[in-house]
Structures are given as structure tokens and as C-alpha cells.
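Participant: My request is simple: use the sequences and hints to build the entire structure.
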Amino acid sequence: MPSNFGKGPWAGLSAWIVFFALSSGCQPPAASPPFAAPVCGKEGQQMCRVSFRALAQGPARFDGRRIRVEGYLGVSRELFVLSSSKELFEAGVTDETSIRIRGPMDVQERIFQKHAYSWVSVAGTFKDREKTGTTEDLLLGEIFAPLEVQSLRWPVEVERATFGDVLLNLEDIK
Numbered sequence: 001m002p003s004n005f006g007k008g009p010w011a012g013l014s015a016w017i018v019f020f021a022l023s024s025g026c027q028p029p030a031a032s033p034p035f036a037a038p039v040c041g042k043e044g045q046q047m048c049r050v051s052f053r054a055l056a057q058g059p060a061r062f063d064g065r066r067i068r069v070e071g072y073l074g075v076s077r078e079l080f081v082l083s084s085s086k087e088l089f090e091a092g093v094t095d096e097t098s099i100r101i102r103g104p105m106d107v108q109e110r111i112f113q114k115h116a117y118s119w120v121s122v123a124g125t126f127k128d129r130e131k132t133g134t135t136e137d138l139l140l141g142e143i144f145a146p147l148e149v150q151s152l153r154w155p156v157e158v159e160r161a162t163f164g165d166v167l168l169n170l171e172d173i174k
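According to the numbering used here, the stretch in the sequence shown is residues 1 to 174, in order.
I should point out that these hints are in silico values taken from the structure, not numbers from a laboratory.
There could be a bad hint or two in this list.
Unchecked claim - Simulated crosslink set (DSBU-like; lysine-lysine; CA at most 30 Å straight-line):
no. : residue 1 : residue 2
1   : LYS86     : LYS114
2   : LYS127    : LYS114
3   : LYS131    : LYS86
4   : LYS127    : LYS86
What the hints assert, rightly or not - Pair ranges (Cβ atoms, derived):
no. : residue 1 : residue 2 : range
5   : TRP154    : GLY64     : 32 to 38 Å
6   : ASP128    : ARG49     : 15 to 21 Å
7   : ARG49     : ARG160    : 25 to 31 Å
Positions of the beta carbon are idealized from the N, C-alpha and C atoms, including for glycine.
Facilitator: Written out as C-alpha cells, the structure reads:
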């Protein structure tokens, strides 16, 4: 039984497409693990931005590395902490949601005076905490000086919409 494969007007074009794909080295992209730790903060490398989720999944992966993390800065249980959210901070939840801020007292005082109880971005060296059987075990770890803290607030007052402005956009829900 004769085969019709490779015959017809498109046979030459499809052969060229296959040849081009194979010769250009086309390969499917390599799959990366879903929550792989970023390679960051090693000697001579810049710090990297890390989420609270990544820290909670494996704080030991970031031990001794320079990181930047965003959160709500405040004092909880007599500790200066960066929390993943204002709501969790106000509720007193620290389990896998808070990082203790450490450094010289004058640096901590300056940061507190300028940024306490607001949203900030903090950069420093992350240290995983040894578990000691105390309530401090609930923290993800600590960030040590040298610390860089930047406010995440808008530098100018943001004009907020009134309910009347929003109501105009909700008319189509009727």
C-alpha cells in the first residue's frame, strides 16, 4: 500500500520548517521548581527581594543572605518586627508572618521614629533563628544591620474617590 506522506504541495514547506526547528536548537523551556529559592545575597552579589511566603517555606535557604522584604513595621510583644500584613500584626499573629529587626539601638530608634506603624521595604542580612522553645520561635527569623528602610507610602497625598464617584461606575449593576 503506497504512502502519501511527503507528497503534495506542502511537503517541501513542512520539511523546511522541521529542518529549521531542529537546526536552530529549539527546545522546550526547562521547567523551574514552583517555589525555588532565588540565588541572592551571596558574597559579591546584590540582595534580592523575597516574599514572606518564600521565607515561610524555608527560612534556612536564606540564612546569612542579604534580602529585601516588604511589610508592616511595628512593635509586637516587646519586639521590633516586620509583619506580612497590618491585619495580622494588629491581631497579634506572628507565626510565620513576622521577622524581628535587629541592629544597634540608635539605628533601631531612628527607624522606629521615622517608619514605625507603616508599610516599608527593609533590606538587611537575614538570619534563621534557632528554635529555643520560646514564643520567639514563632518568628521567621531576624534581619540584621546594616539595615536599609524605605517607606512604601506615596510621597504626596493620594486623592481618594468619593462614594459618589464610585456610584457612577456601579450604575450598570442595577
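Participant: Each of the hints needs a verdict: does it hold here or not?
Facilitator: Checked hints:
1. LYS86 with LYS114: Given that 30 Å is the threshold and the Cα spacing comes to 17 Å, the pair holds.
2. LYS127 with LYS114: holds, 24 Å
3. LYS131 with LYS86: Answer holds: LYS131 to LYS86 is near 25 Å, not above 30 Å.
4. LYS127 with LYS86: holds, 23 Å
5. TRP154 with GLY64: 32 to 38 Å: holds, 34 Å
6. ASP128 with ARG49: 15 to 21 Å: holds, 18 Å
7. ARG49 with ARG160: 25 to 31 Å: holds, 28 Å
Checked against the numbered hints listed earlier, the structure breaks none of them; every hint is satisfied.
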